Amino acid sequence: MVNEELGLIAHLLRRAGFGATLEELEAYKEKGYEATVDELLHPETLPEWDDDMVRRYQPDMNSLMYFESAQSYWMYKMINSKRPLEEKITLFWHSLFATAYGKLNHAKGVVNQTDTFRRHGLGSFHNILMELSRDPAMIFWLDNKDNHKDNPNENYGRELLELFSMGIGNYTEDDVKNCARAFTGWTISNDKYMSVRASRDSIWPSGRIDWQFEYRPDDHDDTEKSFLGRTGNFNGEDIIDIIAMRPATSWFIAGKLYNYFVSDTPNEEATAFLAEEYRKSGGGVRSMLRALFLSEFFKSKDVWYTKVKSPAELVVGTARLAGSYQTPDSGITNLANDANFMGQEILNPPTVEGWHTGTEWVDTGTLVERVNSSTLVIGDTLQPGIQTMIQRLKERREQVSGPELVDECLLLTGGLQVSDNTRHRLTEFAAHFGEVSFTLDDAASCSEEHVVELLQLILATREYQMA
-4 MVNEELGLIA HLLRRAGFGA TLEELEAYKE KGYEATVDEL LHPETLPEWD
46 DDMVRRYQPD MNSLMYFESA QSYWMYKMIN SKRPLEEKIT LFWHSLFATA
96 YGKLNHAKGV VNQTDTFRRH GLGSFHNILM ELSRDPAMIF WLDNKDNHKD
146 NPNENYGREL LELFSMGIGN YTEDDVKNCA RAFTGWTISN DKYMSVRASR
196 DSIWPSGRID WQFEYRPDDH DDTEKSFLGR TGNFNGEDII DIIAMRPATS
246 WFIAGKLYNY FVSDTPNEEA TAFLAEEYRK SGGGVRSMLR ALFLSEFFKS
296 KDVWYTKVKS PAELVVGTAR LAGSYQTPDS GITNLANDAN FMGQEILNPP
346 TVEGWHTGTE WVDTGTLVER VNSSTLVIGD TLQPGIQTMI QRLKERREQV
396 SGPELVDECL LLTGGLQVSD NTRHRLTEFA AHFGEVSFTL DDAASCSEEH
446 VVELLQLILA TREYQMA
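Note that my numbering gives residue 444 to position 449 of the sequence shown, counting from 1, and the numbers run on in steps of one.
If you're looking for bench data, these hints aren't it; they were derived computationally from the structure.
Among the hints, a few may not be true.
[What the hints assert, rightly or not] Label-pair restraints from in silico Cβ distances:
#	residue 1	residue 2	range
1	Pro345	Glu34	30 to 36 Å
2	Gln451	Ser414	34 to 40 Å
3	Asn329	Arg391	29 to 35 Å
4	Gln451	Asp169	57 to 63 Å
5	Thr346	Thr167	22 to 28 Å
6	Asp236	Thr346	26 to 32 Å
7	Ser295	Gly164	27 to 33 Å
8	Asn228	Gln321	52 to 58 Å
9	Gly326	Ala30	33 to 39 Å
10	Thr361	Asp214	43 to 49 Å
[Unchecked claim] With a Cα cut of at most 27 Å, we get these calculated DSS-like pairs of lysine-lysine:
#	residue 1	residue 2
11	Lys98	Lys144
12	Lys24	Lys98
13	Lys172	Lys144
14	Lys275	Lys77
15	Lys140	Lys172
16	Lys294	Lys77
17	Lys389	Lys24
18	Lys26	Lys296
19	Lys251	Lys172
20	Lys144	Lys77
21	Lys294	Lys251
Here the structure is a predicted model, which means the values were calculated and not measured.
Note that CB positions come from ideal geometry on N, CA and C, so glycine has one too.
Please take these sequences and the hints and turn them into a complete structure.
Have a look at this one:
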């Protein structure tokens, strides 16, 4: 059985990461819950990602010229990173500031944007918006490269206010127009060169170099503008300064963090608490998340196993549990495709609104795909994570049957806690095996196969499919 402290840390790792193995949970338990929270919130103290393995094994994945390579690169990174919250917050910002390869046709540009989210994703919301506004992928995605002083394009200005910072009802159409005027001249420096290269180089249609941000003062509207009740000769930086201080912004980002890390059901009291933390910390995302993870509304068992895992969370979490793809094998593309088939094509969200989450992740088709993908990965007894589970079970129990086998396997799958009904079903299934016996030198036996079959059924349960 899973004790209370281990269960709470498992809950934290499901939400602040992609789940954890039993060995990882036990190591975090030794540190304590609050120390674990602080470690997750300071990824700079943890081992940094090393691209050397990618460069050595998968030159194509390293060059990121193709969309499939870019997806595989990020999938590999999420699976193997020692900084789970860094990857999880990157996925959060990617979902909120949805930018799609489908329009850009430039895989490296979208990947560079995720690198920006890694560097700044736990910093101040003000700085995140500033970096976003200078991001070449976003400039291309929402047409700010076509935003000129004599012909403003309102696309980025509108989405900045509506979807990225404040929400509908907290600004006027005039605010949108003047926001767009303030961002005139914020563009991509080498866009014309890239267009020429694209027309001449069919093998690399997006060119071989990164996009770069450029501010063109001669194309900036430097006349007076009124924005959210203030008037001045505003540039883009001034707009971000004003947005970041608005009460509506604190409520907006508080609600988004609560929805992503806690519950799909809004909670006004919790949102107010997080909005106040935003104001006290100057919009510090790290401070907001620390307050969130230490709060009673996050720790409460009422919110455990209430969020449907996104396809990326499910695929990455299962691969981490199984110890799969510890080197950048080309087969990792299959995992990215699994997430695609479940409805989440990372680096290519369907619209500027990102993905609709919660129960919308699940329908009759995607549910079958979710179960098949999870059970296929966990069913490979050659994976190091599966070998570790079986060996640990052998060392703990020479003989085990029925309810005890179920408890052991639930513990091995990341301290999973299930309902009485689920436990009953699992116990009924395990009863067919009778007594499972192990010997330490038993490399491959029916007993191992029985354990794997039970693990596969556990991964098909409602509780495993939820976070």
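Hints, one by one, checked against the model:
1. Pro345 / Glu34: 30 to 36 Å: holds (35 Å)
2. Gln451 / Ser414: 34 to 40 Å: Violated: the Cβ-Cβ distance is about 19 Å, outside 34 to 40 Å.
3. Asn329 / Arg391: 29 to 35 Å: For Asn329 and Arg391 the Cβ distance comes to about 33 Å; the hint holds.
4. Gln451 / Asp169: 57 to 63 Å: holds (58 Å)
5. Thr346 / Thr167: 22 to 28 Å: Check passed, 24 Å falls within 22 to 28 Å.
6. Asp236 / Thr346: 26 to 32 Å: holds (29 Å)
7. Ser295 / Gly164: 27 to 33 Å: holds (30 Å)
8. Asn228 / Gln321: 52 to 58 Å: holds (55 Å)
9. Gly326 / Ala30: 33 to 39 Å: About 36 Å separates the Cβ atoms of Gly326 and Ala30, which means 33 to 39 Å holds.
10. Thr361 / Asp214: 43 to 49 Å: Holds, at about 45 Å.
11. Lys98 / Lys144: This hinted pair holds, its Cα atoms lying about 24 Å apart.
12. Lys24 / Lys98: violated (45 Å)
13. Lys172 / Lys144: With Cα atoms ~12 Å apart, Lys172 and Lys144 stay inside 27 Å; holds.
14. Lys275 / Lys77: Roughly 30 Å between the alpha carbons, so the hint for Lys275 and Lys77 is violated.
15. Lys140 / Lys172: With a Cα-Cα distance of about 16 Å, the restraint between Lys140 and Lys172 holds, given a limit of 27 Å.
16. Lys294 / Lys77: Distance of about 23 Å is within 27 Å: holds.
17. Lys389 / Lys24: holds (23 Å)
18. Lys26 / Lys296: holds (22 Å)
19. Lys251 / Lys172: holds (25 Å)
20. Lys144 / Lys77: Distance ~46 Å between Lys144 and Lys77 Cα, so the pair is violated.
21. Lys294 / Lys251: holds (18 Å)
Violated hints, in rising order: 2, 12, 14, 20; the structure is consistent with all others.
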